[in-house]
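K.L.:
What follows is each chain in one-letter form.
2 protein chains.
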Amino acid sequence: MERRDRAAVSARRREHQAERRELNQIPWRQPRNPYAPTEILSADQIESIHLASLRILEEIGVRILLPEAREIYAGAGADVDEGTQQVRFDRGLILGAMATVPPEFTLHARNPAHDVIMGGSWAAFATVGGAPSVSDIERGRRPGNFADYSDMLRLAQSLNVVHVLAGYAPEPIDVPVPVRHMVAMEAMIRLTDKAYFGFSLSRQRVLDNIEMIRIARGLTPARLDREASFYTVVNTNSPLQLDRPMLWGIIEMARANQVTCVTPFTLAGAMAPVTLAGALALQNAEALAGMALAQIVRPGSPLIYGGFTSNVDMRSGAPAFGTPEYIKAAQIGGQLARRYRVPYRSSNVNASNAPDAQSAYEGAMSIWGALTGHTNLLIHGVGWLEGGLCASYEKFIIDAEMLQIMAKYFEPEVIDDATLAIEAIREVGPGGHFFGSPHTLERYETAFYTPLLSDWRSFQQWEADGSVDATRRAHRIYQRMLAEYEAPALDPAIAEELGAFIAKRTEEGGAPIQ
Amino acid sequence: MERRDRAAVSARRREHQAERRELNQIPWRQPRNPYAPTEILSADQIESIHLASLRILEEIGVRILLPEAREIYAGAGADVDEGTQQVRFDRGLILGAMATVPPEFTLHARNPAHDVIMGGSWAAFATVGGAPSVSDIERGRRPGNFADYSDMLRLAQSLNVVHVLAGYAPEPIDVPVPVRHMVAMEAMIRLTDKAYFGFSLSRQRVLDNIEMIRIARGLTPARLDREASFYTVVNTNSPLQLDRPMLWGIIEMARANQVTCVTPFTLAGAMAPVTLAGALALQNAEALAGMALAQIVRPGSPLIYGGFTSNVDMRSGAPAFGTPEYIKAAQIGGQLARRYRVPYRSSNVNASNAPDAQSAYEGAMSIWGALTGHTNLLIHGVGWLEGGLCASYEKFIIDAEMLQIMAKYFEPEVIDDATLAIEAIREVGPGGHFFGSPHTLERYETAFYTPLLSDWRSFQQWEADGSVDATRRAHRIYQRMLAEYEAPALDPAIAEELGAFIAKRTEEGGAPIQ
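Protein sequence lines correspond, in order, to chains A and B.
Here our numbering is used: the first residue of the first sequence is 1, the next is one more, and so on.
Here our numbering is used: the first residue of the second sequence is 1001, the next is one more, and so on.
Read the hints as simulated data drawn from the structure, not as lab findings.
Take every hint as true, because none was put in to throw you off.
Cβ-Cβ distance ranges computed for the label pairs, FRET-style:
| no. | chain 1 | residue 1 | chain 2 | residue 2 | range |
| --- | --- | --- | --- | --- | --- |
| 1 | A | R29 | B | E1071 | 53 to 63 angstroms |
| 2 | A | P103 | B | S1150 | 55 to 65 angstroms |
| 3 | A | Q30 | B | V1414 | 36 to 46 angstroms |
| 4 | A | E71 | B | G1436 | 27 to 37 angstroms |
| 5 | A | G77 | B | G1436 | 27 to 37 angstroms |
| 6 | B | G1466 | A | E71 | 51 to 61 angstroms |
| 7 | A | A418 | B | R1223 | 47 to 57 angstroms |
| 8 | A | Q461 | B | G1436 | 55 to 65 angstroms |
If you're wondering where the values come from, they're calculated on a predicted model, not measured in any experiment.
Positions of the beta carbon are idealized from the N, C-alpha and C atoms, including for glycine.
Based on the sequences and whatever the hints tell you, model everything.
P.N.:
Structure follows, in structure tokens:
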């Protein structure tokens, strides 16, 4: 055999060996950040933002586009101008409402082993949500569709570092709009057993979501009313506006005692002031107004304070993510949420158009900003690209690696006589090595983090295997993960009941386009 | 013209426009981290590591391979075993020596505008050092050589976010060994005017370096003796061993009142215990032994505590970087250095074989660990690849972007009436936008970070320009930066004196191979 052939055979063999290896995932476990949150503003500075928000709510108010919501606010003492639809709130109303928000609650999953705690120093990582497009490096970029939506749910189920789901990743736009929410929810329930998400796109859709979640978890209405079983995200139309689908979502989710994450869409320089302080004052005012509505409807209903403040590129108007401004906003958002004792949501975001080095470093910057700020819910944790316009399979895996690193970083070091290892150091002595030391042999299998994606081989080994970079390795990993996917168990009676519900609601016309 | 031709012309035009744009660098300014350091261990836990280190030094000791160094230690009261060459230190000796280390000093550059402060919350970012190979994505990987060494110095000079130099990046192995240190130092002096670095590879080389630095800065010997004008790094041969070149370096640099960064090479599981606590106790013991030598030779001479603890992959023995263990070690290293009030060095490191997403996220993890741990000197700040075996041009630019983001993140937010922007929010009102607001127009030009490398355009614009990913953009940027490089002014008399010195020393045979 020629030397070159032998090398090629050997390279293929190594590659196959590598592919036979287990995919190295950390076990399922909700991470808890044991370190103090990073607080980059003083308590006085946080108070200044808080007071500015209260002045905005008192003096300017929020335009509330749903009459029912204006009535609810008015009933609680807010000052409603029916001409401009603007609602002004005195600080007593806002602070009274915020006093009933639960600081911590359990978000129940279909599989109780996948329940997560929202609040305190707990963190839960969610997939990308709301992306209209989807891509992988082989098939390229394409509009969101049901097949890719389903495959990304399979990945979300398979990745232990994904703790909860999020909105469409990507949106299955090949499913007719009137039934899309139900078809998508059915797939989410069937393909995953982690905690669910439902969009709040109209009152009817929210009610359909609530009923499907009740069926999925096999609950009585009374028990659903006691247990937070899914969540939605409501983005305000910044500045200072809440539209009808958002308000329906807040109202109906609160009535059902389910979770709303109120997330103002405050991009500094566009929908928010060009200063971070101003953008955060606006974010805080809008979040308080939205959260107050839920508490007025049902005091004690579960909420999450969503921070999404970033900035736009002032030359193009394009949104930017993972910037210094984003890091600061994510950390300050956490300070504000803690001021009100509300669980906090932030995101792993980037503005790259490819799952490349930019997507990785902007993502890493976002993750550090979010998690050092004690984010409880990290939405878009895996798979987001292009400022949210695309869900990327390779980015799913790149992000999973970064989040696994953070989850391991959150495991506190043990410092005691055994770990300080003075006896092992004495035995090995100057100039020795620890490879064969009993102290090492007792611990080496679980001593260190084992990566899912990173390749630590020598350049020569890596080159002999084809010089496969991280993005192409991520491609192989997600394909293998899909091939190895196993659907979670689902009681046939529940599947049948869900099917019957969807059939009935489809016959009724689903949810009309509005 | 055909539609396709027009599109191509338009794409080329946009590309040229993009290339004509300024390279967006932040201005030269030494960053200062205004936020509290992240302390993941309690004061008691740090004390446990400290006490374990003192026990290691008292009971086991360090093998000191240079007789002169053993004599110096013995003169200060250490217990020397000439048979095993092991030196044991009682804690009084170590703590007494550490008491004279300056907590903060100025590292002077040839250009005084490029002086940096070492200590406190100041940070300085250095290039990669010590890489035997070099690569770019067009020409591939090749042995280190003088042309690439010189080009990387030009990049170091051009990048404002690089504050100080480091060792060979890459090593110019085409320059004969006896004169390599002088030829390399001359190029460093000629091509850059930032604070210099010199390897400590033998006594003669250290003395040559000191003299060349004195000439470069145009100092009298007395003034050189007062001003820290360059630094070296001494890596211990872990575990618990210091070889002759390292000891010469510590001794001669201390005599000249120049800076040594003592950095134990404690890879957990190989040259250090498999537990992070044990690896850090060993790191700390070795650092204390090395730093004590400098203080015995010359109390008050400037030092930097170097942390380099990471772990190896226990299946292959390959070093790993940017891992959860690395992040923790970098942060705990900072806690230990602050315990002794010594400036702290850490690194931006990764184990990737390409300037890809892995190199970016492992680098980002390292940077966050290092900088939240209040690293004063970040070596390998730009350009490191392959666990240090290769200096990468594209990684230079990727890292520069990440460090620019961190430097901007370190600029504290101003929270006052003007930035809280209540009047602007009132003027814009619900549903408006801030693009044209006077509050925005007054501030938009400098409001946000402008990236060097990140591309925030829409997918469609990006695709029309050829879908150039971050690594390929980095390639273009470094080439353009080299094309636009301008050498810093150098007094011809100094250049002549340096030339004469090198000629004389070359005639004498340079520094013999040892």
